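Novice: Listed here are the chains, written in short residue letters.
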Amino acid sequence: MSFPILSSILLAPVLGILLILFIPQKEDKLIKIVAAIATGLTVLLSLIIYANYDQSIGGLQFVENIPWIDDLGVTYGLGVDGISLPLVLLTALVIFTGVFASWGLEKRVKEFFIFLLALVAGVFGVFLTTDLFFFYLFFEIAVIPMYILIGVWGSTNKEYSAMKLTIYLLVGSAFALIAVIAVYLYTGLGTFDIQTLTQQTYDIGFQKFAFFLLMIGFGFLVPMWPFHTWSPDGHVAAPTAVSMLHAGVLMKLGGYGLIRAGIFIFPEGARFWAPVIGILCIVNVVYGAMVAMSQKDLKFVIGYSSVSHMGYVLLGVASLNTLSISGAVAQMFAHGIMTALFFALVGNVYNKAHTRMIADFGGLAHQMPRIAAGFVIAGLASLGLPGLVNFVAEFAIFVGSFRVYPVLTILAISGIVITAVYVLRVVQNVFFGPRNPKWDELEDVRGIELVPIVILCGVLLFLGFFPSFLMELINNGVDPFVQQYLTTPKVGGMF
Amino acid sequence: MITLNHYLLLSAILFCIGLYGALSKKNAIAILICIELMLNAVNINLVAFTKFLTPGDLTGQIFAIFVIVVAACEIAVGLAIIIAIYRDRSSVDVENLDWLKW
Amino acid sequence: MIESIGIKYIWLVPLAPLLAFILITFLFKRFKLLSALTAIFSMVVSLILTLDILRVILTGHEITMNTPVEMAVPWLNMNGLYIEMGALIDPLTAGMLFVVTFISLLIMIYSVGYMHGDPGFSRFFSYLALFVFSMLGLVIANNYFQMFVFWELVGLSSYLLIGFYFYKDSAAQANKKAFITNRVADFGFMIGVIILFLYFGTFNFLELAEGISASSDLAFLTLAGILVFIGPIGKSGQFPLHVWLPDAMEGPTPVSALIHAATMVAAGVFLLARGFILFVSAPATITFIAYLGGFTAFFAATIAITQRDFKRILAFSTLSQLGYMVMAIGLGSLTAGMFHLTTHAFFKALMFLCAGSVIHALHKQDIFEMGGVFKKMKITGTTMIIGGLAIAGIPPFAGFWSKDEILLVAKTNGFTLLYVLASVTAFLTAFYMFRLIFLAFFGEKRSDYHAHESPLTMTIPLMILAVFSIFGGLIGAPFVEHGFSSYVYFGEAHHPQPDYMVMGSSTLIAAAGIFLAWLVYIKKAISAEKIANQFAPLYKFLYNKWYIDEIYQWFFNKVVLSISALLNWCDRNIVDGIAHGIAWVIRTTGAKGRYIHTGSLQTYGLVIFAAVVVIVLFLAGPVVGGVQ
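Protein chains in written order, with the working numbering: chain A, 1 to 495; chain B, 1 to 102; chain C, 1 to 628.
Read the hints as simulated data drawn from the structure, not as lab findings.
Since the model is a prediction, treat every value here as computed from it, not as a measurement.
Even for Gly, the Cβ is constructed at its ideal location relative to N, Cα and C.
One thing to keep in mind: the hints can contain errors.
Just so you have them, the derived chain A footprint on chain C, three or more residues with Cβ under 8 Å [stated by the list, open to error]:
#	stretch
1	146-154
2	158-167
3	186-196
4	556-568
5	611-623
The following residues of chain C were derived to be distant from chain B, with all beta-carbon distances above 10 Å [as the list claims (entries may be wrong)]:
#	residue
6	L58
7	H360
8	T507
9	G599
10	L606
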């Protein structure tokens with residue numbers, strides 16, 4: 001067996017935790033450096049995997065399998081394919097930049113980074129594992145640190161938001177757990193291995209039942225309307241790095257689970273329920289964008305914009321063809337980077353100005369030109385401007401889903417107009433206009449604070465101009481499954 | 001001739017006395033003693049069944065010894081708690097020991 | 001393969017300005033002159049390559065509209081989505097490339113003088129370079145996807161440049177408006193592109209052309225054509241999405257000249273020409289295009305006669321001229337539309353640069369506060385008059401030939417209504433343009449200002465453009481053999497025959513317009529105020545631009561924001577309310593249920609015992625019953 005590179009990604013944050021445990025609280029600089037190195041290591045390792053993943057073979061690679069509980073058939077199995085690899089890279093990038101975005105943190109630094117690294121280890125686990133049991137386990141590992149991080153280091157109604165977020169996520173995962181147990185018992189094979197389960201055929205009735213549970217369960221995580229309200233609240237309350245990770249990565253667990261465990265295992269069930277997802281996702285897109293328009297708090301705007309953008313992911317999932325699902329995965333990646341950038345910028349402004357109310361600002365481009373530039377780039381990514389990776393992802397989703405749901409897709413495309421309205425309103429009201437002397441003491445980002453902005457903008461632009469690096473890998477991961485299990489592209493019959 | 005039924009009857013009576021005491025006594029120590037009675041009723045059952053149903057086997061006796069040991073432990077812990085409560089409240093009346101409610 | 005450096009390195013045409021943009025943004029930001037020189041140098045490179053392509057097209061005859069050269073590289077290859085980035089070289093591309101690179105170069109040189117001393121000098125040039133990159137990428141596009149990508153990117157550059165003075169609230173408002181209006185249009189365009197792709201399986205212009213000519217699905221072609229046409233409605237400021245263009249004048253004047261007069265707004269017309277077969281194969285689409293263009297031309301001209309702001313008048317005149325181009329395309333003449341686009345690019349850029357020169361000197365924009373500027377600014381004044389004559393359509397200036405060709409097409413193709421409408425518009429055009437010139441440049445000084453002629457970097461581009469505005473039209477004049485029409489055409493080259501009736505009448509109409517302006521504003525034989533007072537409601541209606549902006553504003557403020565607020569309320573109170581309701585039920589159940597826990601040990605014991613009894617009876621009952 002070769003070098004266990006996937007386990008190393010998983011263990012890098014754990015190693016970081018162990019090291020930080022032995023560093024005294026007052027050495028906060030050292031703690032941050034250790035966290036940066038640990039997460040930097042994950043970026044490096046994911047890039048190595050990215051470079052070494054053999055697209056001509058495809059499928060799961062870098063597989064590691066260690067039996068864990070033989071009697072139950074639980075295996076510690078890791079592996080990546082074209083679907084999970086971009087998300088692993090996304091997680092690594094977001095947490096690495098997130099550590100830099102928390103560089104100015106002063107309150108209980110040691111505990112903060114321990115929980116942050118624990119959270120990220122859980123997230124990595126979800127994307128890396130090939131075993132449903134571990135999928136669930138890692139997800140729970142991710143949720144609990146999240147609760148503490150928001151509850152202790154958060155702002156604005158933090159206890160309420162932390163509680164709400166945790167309960168919503170746990171309710172969602174409970175639905176998913178029922179489905180996991182049901183499929184385990186139904187097959188009677190005594191295995192949780194996703195690939196094995198995918199190859200089984202299931203009775204149509206069971207498929208409908210199980211997919212429904214997964215749809216609700218992962219719908220809570222995505223978040224699908226009407227289960228979405230935890231997410232804006234959570235975004236707003238969470239500290240910067242946690243917002244980045246939460247909006248950037250944690251919401252993607254739902255979409256990932258829905259694709260991996262939902263439509264690939266239960267294609268018939270997916271086909272039955274797809275129109276429902278299709279309608280709800282349009283509500284997400286349009287309603288989320290409309291609600292974002294009347295928000296007064298910057299973070300709420302971004303929170304609702306996430307709801308809106310995750311609607312595109314759901315649309316891609318609901319259309320059940322290679323192009324749309326690839327687009328959905330790419331959109332998860334693109335949205336993750338974009339929203340992490342947003343939160344890094346807003347967090348920076350909030351730390352200096354101690355307010356996030358749009359009405360308080362104006363003309364901030366005078367004092368903070370770099371933040372303004374970053375915000376404009378993130379905003380343009382958000383409204384799907386070509387040249388940024390989000391556009392390619394959205395375009396793929398639209399093309400893929402147009403032939404399945406023409407009406408819904410047109411409604412979804414109208415979302416990009418509404419997005420333009422609210423994003424540009426925010427840009428105008430916060431950054432443009434006459435110089436406001438009230439904010440003259442604000443300093444622009446410089447030095448280490450620039451790291452997240454530069455990296456995230458760079459990724460958005462690079463993949464925007466050369467999308468084939470991302471899209472073809474995803475396509476490669478999605479296509480075999482779709483070819484095998486979803487050969488008839490027509491879904492439902494309602495639209 | 002004393003048959004199994006006699007033992008069972010004795011044990012049932014003893015158990016009922018214990019149960020009645022445990023549910024109605026106000027003094028915590030009395031309740032502990034009543035619980036002891038119930039345990040001993042069980043012991044009688046165990047020993048009697050072994051004697052009449054599987055003579056020559058010591059399963060019941062062994063079980064009884066286990067029960068006695070556990071009961072002793074329980075009494076030790078129980079008395080310790082009661083003493084602690086007494087030191088705090090100067091009373092071991094269970095009517096007043098309702099701090100566990102909501 | 002044709003030997004040509006220009007064709008071989010065509011990718012360098014857009015990439016040179018992109019490189020300039022990157023260099024300026026990341027390296028040269030602090031060195032103003034170096035930034036400007038980098039941008040100008042990149043334009044020189046693009047222009048030289050373009051000239052080489054033009055040389056090949058004009059000398060050899062291998063590349064025609066029907067035998068274009070195409071090259072492409074794959075950009076994205078997914079199952080079900082294959083996208084290329086490439087170049088399609090034909091006379092249409094080459095002509096447009098020349099217009100864009102040539103005018104961009106002149107305007108960059110002009111901007112060195114105009115933007116002198118502005119703290120955002122380098123930023124200005126980096127944005128300009130970004131714009132030129134996007135525009136050139138759009139022009140060489142060989143497929144709809146690439147067209148759409150660069151279409152959006154020119155929108156972005158336009159957004160950045162309109163908001164160049166971001167510290168002005170009006171500029172921040174205007175660039176948002178421009179972007180959102182264009183987004184609305186792109187919404188239609190994007191759907192059009194997607195359905196074309198799904199129907200024909202390709203974005204490529206040439207492959208689509210084959211598919212469309214073979215297709216007989218008229219309903220689909222009409223739908224796709226109209227959806228794609230929505231894009232140009234926004235970008236080329238056709239009614240009802242024209243509202244952004246007048247506001248876009250908040251940008252620096254060279255930007256107005258380059259983007260909002262000569263090149264970007266013409267991209268819509270260029271798209272109509274590029275995808276001509278799609279529109280022309282559906283009669284409903286092409287007729288719709290013609291009438292919308294004709295209406296826009298008239299509509300914008302009526303507004304222009306009442307405006308007071310120098311640049312806004314020019315903006316409405318741009319809208320009107322764009323209407324002419326769109327109408328020409330709609331009338332089925334790609335040649336006339338593109339010809340007018342080319343000549344318009346020269347004379348409108350010229351007039352905007354004159355406006356810039358005046359504004360630079362006076363720091364005023366209201367023409368009623370000017371007057372007599374000609375005495376102080378001879379070069380600017382002369383070139384402005386040349387521009388005015390060109391747009392009014394006085395022979396032999398450039399605008400005459402191109403406008404004439406449009407009128408000719410309208411007449412020969414039997415669109416009498418449009419012919420009349422276009423003639424009336426021509427009259428209005430001559431009138432408002434000379435109203436502007438007479439008010440601003442002649443008469444007595446109407447306010448206190450200090451004027452001086454602009455520096456050479458600004459006047460030289462003016463003079464060059466003036467030369468093109470005088471003689472540029474000759475390339476397409478009916479008596480010139482191998483002129484514009486023998487290169488840029490659709491299907492077969494169609495050489496226009498001179499129609500002296502049309503020529504004569506249009507010249508007369510233009511002269512009448514100028515004469516009327518002279519009567520009103522120089523001779524003062526007719527009082528403008530009196531007429532305005534007599535037709536007060538009409539005057540107010542026109543001055544307020546047909547109240548279109550107000551309607552949109554009302555729609556946005558009252559309808560969209562109300563829906564948004566309503567949904568926000570629903571989210572907070574209904575969606576979240578249900579969640580809170582469930583939480584409340586659980587909490588209340590717990591709160592009431594806790595009274596079961598009395599805390600009394602003996603009650604617990606009793607309950608446990610009772611439960612045991614019940615369970616035992618339940619389990620033992622059947623057994624006892626069975627045993628009897």
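Novice: Quick one: which hint numbers does this structure break? Sort them smallest to largest.
Specialist: 5, 9 and 10
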